[in-house]
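Undergrad: So you can see what is in the structure, the chains are spelled out below.
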Amino acid sequence: MTPETLATIHQLYGAQSHFIDDGRAAEWAATFSADGEFDSPTYPEPVRGTADLTAFARRFFTAGREAGERSRHVLTNVFVAAAGAETATVHAYLQIVTTPVGGPSRLVRQATITDELVVADGQWRIRRRVVKRDDAADGGRA
Amino acid sequence: MTPETLATIHQLYGAQSHFIDDGRAAEWAATFSADGEFDSPTYPEPVRGTADLTAFARRFFTAGREAGERSRHVLTNVFVAAAGAETATVHAYLQIVTTPVGGPSRLVRQATITDELVVADGQWRIRRRVVKRDDAADGGRA
Amino acid sequence: MTPETLATIHQLYGAQSHFIDDGRAAEWAATFSADGEFDSPTYPEPVRGTADLTAFARRFFTAGREAGERSRHVLTNVFVAAAGAETATVHAYLQIVTTPVGGPSRLVRQATITDELVVADGQWRIRRRVVKRDDAADGGRA
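Residue numbers (the numbering used here), protein chains in the order written: chain L, 1 to 142; chain G, 1 to 142; chain E, 1 to 142.
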């Protein structure tokens, strides 16, 4: 794996949380491939495809605003476990930190993500994300 | 943006918190340009220029020592949103985690930073940092 | 220091926590050189060499499983302070976040690490890690 590939993938992870947390729903959805899938046990079923991913990100942001709080996807320990010319597997840790107006900030959840990446339209994008929650015995929804 | 530029900017962010948290005030100030500005709603007004930035970092560290606690600037989600040959914009998340002797550690604050960078004396440095707090409706001081 | 060296070192830190937190004890031990040393004030004495490092990582993971909880080594602020062709010094921040089944997640500890790295068998590995705890006046065990 070249330094260029690693740098590009790290930029994708550097950017992604800002998009969903700042209400830039379409940009968040565009970090996934057109047929990309987001599978988190916090939600009843996987979300698939650009339109549904965009709607999901918009709901996430709007729900926070209506509740009078901000949530951040704090992403750490990004590990590009395997990368070919056009596919890669990435592991990372994810904290959800939520802050109401007036505070205090609260660590709501610690989770892991495992992503399958592909090059689509010349860009590294997420083909499939699986989130597992540390508070679930098996990582989450069966 | 080249891998070299990205690597250099990531090193700047890797280093910076260690400087202020370990009492290396002059080195922290040197991560800003000579006319650099630090604008955080936690403090009554922006801090500008090497001498004032150094004094600010020294006060931050000394206040912690006098209170018998350590604070860490935990920086994550570094995103180089735009970089030219001599300027860049960087977004990141910042947690302040404070620990008194005997513990426990406490997440004091979740914030975002937006930095304008310039190349000065051949080094990437911060020309202007704006911190916004998640616990403020508008991100902080008006 | 070349972008290649930086990228390789960042990958080492990206990977390492996943290994110990997921019970991949031998892979965690292999992030240290054969004579590598892990010195943390949380444990009564330093751990040295591949066999003992492997056993240490296995105990860490097993103890969590028996307690019905998961712990994550959340690593941030990775700073390659100095790197030669075959040695480097790396500073980073470390949060221990523990989550029992059913939650909630809890920030157990904030610490710093200082690592001496060497190239061994063509790979960057940790020759000596010193952990210091923020909750100890002097960083930990004297």
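Treat each hint with caution, since some may be false.
What the hints assert, rightly or not - Some chain L residues close to chain E (C-beta under 8 Å, calculated; not the full set): (1) Pro3; (2) Phe61; (3) Thr62; (4) Ala82; (5) Asp135.
Keep in mind that the hints were calculated from the coordinates and are not lab data.
Computed from a prediction, not measured in an experiment: that's the story for all the values here.
All residues carry an ideal CB built from backbone N, CA and C; glycine is no exception.
Undergrad: A separate judgement is required for each hint: does it hold in the structure or not?
TA: Here is what the structure says about each hint:
1. Pro3: holds, 5 Å
2. Phe61: violated, 22 Å
3. Thr62: The hint is violated - Thr62(L) has no Cβ within 8 Å of chain E, the shortest such distance being about 25 Å.
4. Ala82: Nearest chain E Cβ about 11 Å off; hint violated.
5. Asp135: holds, 4 Å
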